Structure formats: structure tokens, C-alpha cells
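Trainee: Sequence:
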Amino acid sequence: MEKQQQSQFPARVEAFNGIHVSIHQIEDRDYLTAEEIGICLGLAQPRKSVNNIFNRNREELEPHTCVINMVTQGQKRATRLFDETGCNLITFFAQTTKAKAFRLWLAQLPKKVRQVEQCLPEVLEQARRQGMATGAYGTLALMESRAAMRLGAHRLNDLIWYRLMGLTQEETGKLLDITKDGIQEVERSLKDLGVVFKAVSKIRRKRQMRHALTDILAGQTP
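When the letters of the sequence shown are read in order and numbered with our numbering, they come out as residues 1 to 222.
Hints are not guaranteed to be accurate.
[Stated by the list, open to error] List time: in silico DSS-like cross-link candidates among lysine-lysine, alpha-carbon distance up to 30 Å:
no., residue 1, residue 2
1, Lys180, Lys100
2, Lys48, Lys76
3, Lys76, Lys191
4, Lys100, Lys174
5, Lys174, Lys191
6, Lys180, Lys191
[Unchecked claim] Okay, the calculated beta carbon distance ranges per label pair:
no., residue 1, residue 2, range
7, Pro63, Ala107, 13 to 21 Å
8, Arg155, Gln95, 29 to 37 Å
9, Phe92, Gln25, 50 to 58 Å
10, Lys191, Gln95, 21 to 29 Å
11, Glu171, Gln95, 54 to 62 Å
12, Asp181, Gln108, 32 to 40 Å
13, Asn57, Lys100, 29 to 37 Å
14, Lys48, Pro110, 36 to 44 Å
15, Lys48, Lys100, 20 to 28 Å
No lab work stands behind these hints: they were computed from the structure. Just so we're clear, the structure is a prediction, and the values are computed from it rather than from any experiment. By construction, the Cβ of each residue, glycine as well, lies at the ideal position given by its N, Cα and C atoms.
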């Protein structure tokens, strides 16, 4: 019997030609479901078609696939996923008009992840560690959000940093030269990704500002 794996983190969602694709991280590798691969390739019966490709080419694809339990429409179902190599092999076996574009999109994912991780790791880690921003969110989704497009990676980085320090929206806006309404608009788009800044008491705020100042003097700011 085939061994079933467990996804380590909530899936992040990417877009390929307007199609939302869930990317599951398992043992530090990204996987896509058979159904979503089929949809991206324009196959008429996405899941069935990709599973048929797998069955016909099992020897080549076996090292690049796994099965996880996923809840769909309220029911738990064993779902087959493929890693990047498996996805690429399927595109060659499928030979659809969208195969080349899908391969190019797959090739860009690791590069995009590295670029994002270079911009925001310290702030995101601090948010998780302090519990000041709640909810599951992916760095790619964050960087491709309306907030990032409006501010740019580094200013978004600063906004998150200031808010985690305990600054109010108005204070953060003054530092970034953005109106309070502008800050609220950015934070609404962040909220859609599960990033929520909690209210901070005056005592806790002073403590956080003190820690932040220590980090600044030590050259540890993002």
C-alpha cells in the first residue's frame, strides 16, 4: 500500500493564468494536486486525466508523487500530489498547448520564494513568535497582495515592523508618509491574508518599543 504523507503547513495559493493553485509543502518540497495540474494544463477531466498519465508512466512518476488526506466538500479523501519534477514530467506526457507556459510558471516559483524570504523573514518570524499577527499566510501571497503592490516590499516590511512595535496606524502613517486612511486600506488587504495586528496596551507597547530600540542599536532591524 502506498504511504500517505502529511502536509506540514496550510497550502499557499498562487495564480497561473487566472487559475488559483494550492501549493502544499511536504518535507520541504512543494506539491500540487493532480486535479489542479490537470486544470492548469486545460485537460477535460483534470483529476482523472492526470491519474491516467500517472498510471501509464508509473515508473518515472512514482518517485515524485505522494498521497495525502484532504477534506473536500466536507469529506476526507485520499488525494494524489506531485512535486515540481513530477509536474514537469506530466506536462511532457500531456502535450497540451498550455504545457510550456505551465513549465515556465513552475520554474519561477522557487526564485520568487527566495526573493520574498530575503525581504521579510525577520518581521514574519517576529510576528509568529510574538503572536501579534494571527492566521496562516504565505510569504508569496503577502508579497503579491494589493498591500505589497501599493507600498513595495521594503515599505511593507517597515509597516509590519512598526505595527509590531506597537505604533498606531496614525504614527506608522507619519513615518511612511502615508495617510491613516491609506494605512487602513493596506491593513484591510493584509487582513484578507490572515494578518491581523492586535491592540497593544500602553505597558506592553513601552516594553516592545524598548526591545525595538535595542534591536535598532544592535543593527538588527529589517
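Trainee: Each hint needs a verdict: does it hold in this structure or not?
Mentor: Structure-based check of all given hints:
| no. | hint | result |
| --- | --- | --- |
| 1 | Lys180 <-> Lys100 | 45 Å, violated |
| 2 | Lys48 <-> Lys76 | 18 Å, holds |
| 3 | Lys76 <-> Lys191 | 28 Å, holds |
| 4 | Lys100 <-> Lys174 | 47 Å, violated |
| 5 | Lys174 <-> Lys191 | 21 Å, holds |
| 6 | Lys180 <-> Lys191 | 16 Å, holds |
| 7 | Pro63 <-> Ala107: 13 to 21 Å | 19 Å, holds |
| 8 | Arg155 <-> Gln95: 29 to 37 Å | 44 Å, violated |
| 9 | Phe92 <-> Gln25: 50 to 58 Å | 24 Å, violated |
| 10 | Lys191 <-> Gln95: 21 to 29 Å | 43 Å, violated |
| 11 | Glu171 <-> Gln95: 54 to 62 Å | 57 Å, holds |
| 12 | Asp181 <-> Gln108: 32 to 40 Å | 34 Å, holds |
| 13 | Asn57 <-> Lys100: 29 to 37 Å | 19 Å, violated |
| 14 | Lys48 <-> Pro110: 36 to 44 Å | 29 Å, violated |
| 15 | Lys48 <-> Lys100: 20 to 28 Å | 23 Å, holds |
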